[in-house]
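Sequence order for the protein chains is A and B. Using our numbering, read the first sequence as starting at 1 and increasing by one per residue. Using our numbering, read the second sequence as starting at 1001 and increasing by one per residue.
Accuracy of the hints is not assured; some may be wrong.
[What the hints assert, rightly or not] Going by beta-carbon spacing under 10 angstroms, a handful of chain B positions derived as facing chain A:
1) Glu1183
2) Gly1194
3) Pro1281
In short, the hints are calculated from the structure, not lab data. Glycine included, every Cβ here is placed at the ideal spot set by N, Cα and C.
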Amino acid sequence: MPEVFFDDMSIEFPDPRGRNPRLAVSHVDLQIADQEFVCILGPSGCGKSTVLNVVAGFLEPTAGTMLVDGQAVNRPGPERGVVFQDANIFPWLTVEQNIGFGPRLRQGSSNEVKERTAEFVERVGLTGFEQHLPLELSGGMRQRVGLARTLINDPSVLLMDEPFGALDAQTRILMQELLLDLWERDRKTVIFVTHDIDEALLLGDRVVVMSASPGRVKEVVRVDLPRPRSFDITSDEKFLGMRRHLMDELHSETERAEGIVA
Amino acid sequence: MAITASGMSHVNPPLAPGTGPRRPRKGRVRGIPVLLSMVIPLIVIAIWQYTGSNRMIADGLFPSFTASIEALSDFLFGTAEQSAPYSGDWVTSVLDSSQRILSGYVLGSVLGVVLGLFSGYSKSVRLLVNPMIDALRPISITAWIPLALIFFGIGNAPAIFLTSMATFFPVYVNTLIGAMSAEGRLLRAAAMLGANKWQMLVRVTFPATLPSIATGMRVALALAWTTVVVAEILGARSGLGYVLMDAYNQFRFDYVVACMISLGALGFLSDRLLAWLFKRPLRWVESAAKA
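Isolated chain A (complex conformation) (with noise of 0.2 angstroms):
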């Protein structure tokens, strides 16, 4: 049984003013094997976050079906991991108190969590500002601590929503070998929501091209890359082959979601 299962999901918004909602999400089927690294790839406003906000219990869908372990969901919780485009971490709280929040909540402060926490610290390279507080960091280290507090849950499937997007170039290539290097530990099911072809051919087992308004599943293309990866891969002439193709397709939805007509 796949671990995220879509079929036929629409999802619509209410239009504040009139009568006729608008369709968002149209008709996705797509099914997330256990351990699969999937990442969702499409202009903006394609619908691809509104996707992975169904996943995360924040939205449901409007028609369809979407089962995560075989099961619906209606709300979010600790087992569907979310990392938030804006890191979105406590601003009151520090480093290792934004870390250990989720099993805070569940076994107070125990030796434990204590510990777990500082691993977890340690994993995301933050050892040493465990008592900064979120206003005295960098965004690439807000993005870790977000990551972190997150992978402490242990959740069966991370979800990420554009998550390196407002970093600079090279604190993003830091990040995506961080996120590599960590999932390769365990292997999770990810769903990985991007703009940026680079970075969805780094990381993915497949690549989900949506296109926009409304958001449909265009193509999936399959990443026959070998893993372990690192960024030395995007110089691969299969890479740069693969990364041509998406280029021609997100060319295109992007000109279609911008009004241009070819």
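Given the structure of chain A, go ahead and fit chain B onto it with the hints provided.
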């Protein structure tokens, strides 16, 4: 504000010619801010002293600056040569007033924070309590004095009741607004990490509301001082407000001014203390919106 000047009083050593960009020369005016900020207070004190010692205002009842300071000193330490009505009574008066203001302020703040948080967080609680509070809020606190006196008689209770009312409304309103605008994205993050409704209230809405609570509590503190003085004038037999009114009845205007000076100093100090108490819990707030 002499405090601001202490950091500016040193003079920069002159730059060697040709080293680095030249900055506008401000060295010569460094000492002037201190003097500037003292000009108006000194003029006011001079006029006060002149008009007071020459008995020029209010048929000579308005006391001079020095007479008021002498009264304050007697009020504080019992320094007057002939017996004065409140010699050395300052500490007990301040303790009586402080006890009332502290009880009322803490009571009003706790109620305001708890109710404000719940009604900001839950729409049903808001619908339940908000109309009643909105209806009572526009009534001036001083208008409650007659009822407070028939409810509680003379003494601590009416002053505590009135002070807690004065504190409650601004704390409640600020907490409510803060809690309602607590960012949905942080609540979503908490839910995703496994927080239940109660944990979201305590661990997200409450800390997110803390800056608004601090604002409300600072506004409320000034109102609480006003209220405790009025309450003591009308319904108590001790405290700074009582001494102030009693001195008025005895034509001891030097003591009236001594009480006013004391109230100003206590109001200022309590506000500083509150700001200091909120400093650490609010160190995560980036903007100048800190208490």
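Status of each hint after checking the structure:
1. Glu1183: Check passed: Cβ of B:Glu1183 comes within 9 angstroms of chain A, closer than 10 angstroms.
2. Gly1194: holds (4 angstroms)
3. Pro1281: Holds - the Cβ of B:Pro1281 comes within 10 angstroms of chain A, reaching about 8 angstroms at its closest.
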